[in-house]
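Student: Same order as they appear, the protein sequences are chains A and B. Counting from 1, one number per residue, gives the positions in the first sequence under the working numbering. Counting from 1001, one number per residue, gives the positions in the second sequence under the working numbering.
Treat each hint with caution, since some may be false.
From the structure, some residues in chain A lie toward chain B, with a derived Cβ separation under 7 angstroms [claimed, not checked]: (1) His2; (2) Gly283; (3) Ile325; (4) Arg329; (5) Pro402.
Note that these hints are calculated values from the structure, not bench results. Keep in mind that this is a model prediction, so the values were computed, not measured. C-beta atoms are modelled at their ideal positions from N, C-alpha and C, and glycine is treated no differently.
Here are the chains, one letter per residue:
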Amino acid sequence: MHWWIELREGLRIAWDATRANKMRAGLTTLGIVIGIVTVTLMGTAIQGLKRGFNQSISALGSDVLYLERYSWFINSHEEWIRQNRRREITWDQVRGLQRQITSARAVAPTVNTARPVKYKNRSASSVMVIGTTDQALYTGGTSVANGRFLTAGEAEGGRPVCVLGAQTATNLFRGESPVGARVYVGGYPFDVVGVLEPQGEFLGAFSLDNQVIVPIGQFTSLFTQRPDYAIHIKARDMDSLEDTREEARGIMRKLRRLAPGQDDDFAINQQDQFIKTFDKITGTIATVGIFITGLSLFVGGIGIMNIMFVSVAERTKEIGVRKAIGAKRRAILVQFLLEAAMICLLGGLLGLAIAAPGTLLLRKVMPATISLSIVGLALLVSLLTGVLAGFLPAWRAARMNPVDALRNE
Amino acid sequence: MSLIRLSRVSRRYQMGTETIHALREVSIEVGRAEYVAIMGPSGSGKSTLMNLIGCLDTPSSGTYELNGTNVSDMDDNELAEVRNKEIGFVFQTFNLLPRANALHNVELPLVYAGIPSEERRQLALEALTNVGLADRVNHKPTEMSGGQRQRVAVARALVNRPSILLADEPTGNLDSKTGAEIMSLFEALADQGHTIIVVTHEEEIARHARRILRIRDGLIASDERADSHALVD
Ligand SMILES: Nc1ncnc2c1ncn2[C@@H]1O[C@H](COP(=O)(O)OP(=O)(O)O)[C@@H](O)[C@H]1O
Ligand SMILES: [Mg+2]
C-alpha cells in the first residue's frame, strides 16, 4: 500500500517534470529513439528473414540428400576451380546407385536447364526445365494439384509428357485447364499430364513454380549432350539420414573408382548446410544491429544521465522540502528513476512509431511484421536504459542532506 | 515529561582547517503546548538549533530526546520518519512545490506517511479550511499572495497532526500586516494546544510567545518565561 502511494506520487512528479521540459526531454531522447528504431527494425528483419527462409527451405526436404558435382557453399576461388575439374555424374553412376542403395526410401536423378515454353501464341521465356523420374514426387515434397505426376514407365523415355509448375501453368493457360494440352518446351512438343501445387519463392531469388518437369530420358535426348546429374536421395527418416549419407558416399566412391585416401570428387549436400549458412548471416545482421543499438543506447543513456543530473540540481530545493516533510531516500530515488525511465520510455515509443512504417518497407522484400515480442523487447530495453542511466543522479538526490538542499536557491 | 529535551548539544561545522561552533553545549527543555520564540542576532545559531529540533540535522555531541526517544544517532530514513510524524515545518521562503496546487502541497506529508488518496484529500481540505483557504485549494503557489502561500505552508505543517510546529522566521518574507495575520494564526494554534517554536528577530512578534529564548554565539543568553497574557495586555 505504502509503496504504491509513493509510486503514484513519483509517477505524477515524473510526468509533470517531463511535461515541463518537453523540448529538453525530446532532444536527449534522440539516442534512445535511434537505438529503438534499430533494434526494432533489426529484430523484425531477422524474424522476417527466418520466416521467409523457413518457407523456402521446406522445398528442400530435411531428410533428403542432394548428391551433386558441386557443393552448395564454396568458400574460395581455389575450391571452386578444384570442384570445376571434377567429372560429371554419369547415368551409369545414377543407375548403379539406384541399384545398390538399400537404406533410401526414394532416389530421383535430376538435370535441369532453362528453356522457353510455348502454348499456342503465348510463351514463357526461361522456364526451369527439370528432367527427372516418377521418384521426384517423393524426394521433392511437391504435390500435384491437377492431373497426375510422371509414371515410372514415362520417366525413362517414350512418350513426351510434362508436368507444369503452378506459375507456368497460369502464365500460359490463364483460366484454361492445361491437362491434355500440348506445349512446346525449347521447341519440342510435350503433352501436359499434370499441374503442381504452388510452392512459392526460394529465398526471394526465384519462383519454384516457374518450372516444367519432363521425363529424364526425354530431357537427355533433347536438351543436353553431356548431362551432369544430381541425385536426390530421401532417407527413411531423420534418424537414419547419416547412415544413408555414408552408404551413398561409399557406393559413389566405388562407382567413381576413388582409391582409399583420395578425397571425394562429389558433394552430398543437405538442407542443414543452408540452415547453418543462414544462421551465420542472421548472426552477422544481429551482431551489427546489436552494436548499433548498443552504441546509440549508450550515447542516449549518457545524455539521459546528464539531463538527470541537471534535473536533480535544478530541483535541489524541492528535494530538501520533500525530505523535510518525511520523504525517505527510497522515495526520492524512485522519483528520479521514474523520471529517467519515463523519458526513455517516451523515446522508446517514439522509436516504435518511427520503426512501424519502416517495417512496411521491409515487407516489400520479406514477410516481416512487427511482433508483440519485439515491441515488448524495445520497451523493456528503453526502460532499462532509463533506470541504468538515471541511477547515479537519483542516488545523488536520495543521499542529499536536507539542510543543505533547503538552503539551495 | 518534556516533549523536547536537549542535553549539552553542540553543532560544529568544519570549514577547511577552521571549526565553527554554531551551538555550544546547549541544554533546553520544551514541554507540551508551549509557545516558544527564539531570538538572537544573525549568525547566532537559531537556524542550527531549529534544524536539530526538527530532526533535519543531528548534533555533533550531546543528546536530543524527542517524546522520550533519543534521536541523536538515528539514520537518515529513521529521521525522515520522525519528521513525517512528529514535526511540521514552516519556512521563511514558504518552500511550496511550484507545480503543485495548494491541495497537493498540503497532501504531500500524507503521501510519505502512506495515507490513501481519499483520506489524504479529506485531511488536506480540512487543514486548508482551518487556515482559511477553503476557496483556494486548486490554486498554484504562483497564483497566491505571500500571506496565502504561508498559510498553505502552515496547513501542510499541521496536516499530519505533528507534536511540534517549527517556524524559522515565518514572517521574514511578508509585509508587516500579513506578518501579523500569520502570527495571530500561530497564536490561535497555540491556544488550541499546539506546541510551537518560532524563530524571529522582531520583538513585536516574540511578544506573542509565552517564552523567549535568546541565543548569542551559540549559547543560550537568556530564557524568559512570562505570564504572556499579562505581558501582552
Ligand atoms: N552548513 C554550514 N557550514 C558551515 N557553517 C555553517 C553552516 N550552517 C551554519 N553555519 C554557521 O553557523 C553559524 C550559525 O548559523 P545559523 O544557525 O544559520 O544562524 P542564524 O539562523 O541564527 O542566523 C553561522 O556562523 C553560520 O555561518
Ligand atoms: Mg537563520
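Student: Give a verdict on every hint.
Tutor: Going down the list of hints, with the structure as the test:
About 4 angstroms separates the beta-carbon of His2(A) from the nearest beta-carbon of chain B, less than 7 angstroms, and the hint is met. Interface restraint check: Gly283(A) against chain B, minimum CB-CB distance 49 angstroms, threshold 7 angstroms, status violated. For Ile325(A), the shortest C-beta to C-beta distance to chain B is roughly 4 angstroms, which falls under 7 angstroms, so the interface hint holds. Contact between Arg329(A) and chain B, as hinted, is supported at the beta carbon level, the nearest pair being about 6 angstroms apart and thus within 7 angstroms.
Taking 7 angstroms as the C-beta contact cut-off toward chain B, the hint placing Pro402(A) at the interface holds, the least distance being around 5 angstroms.
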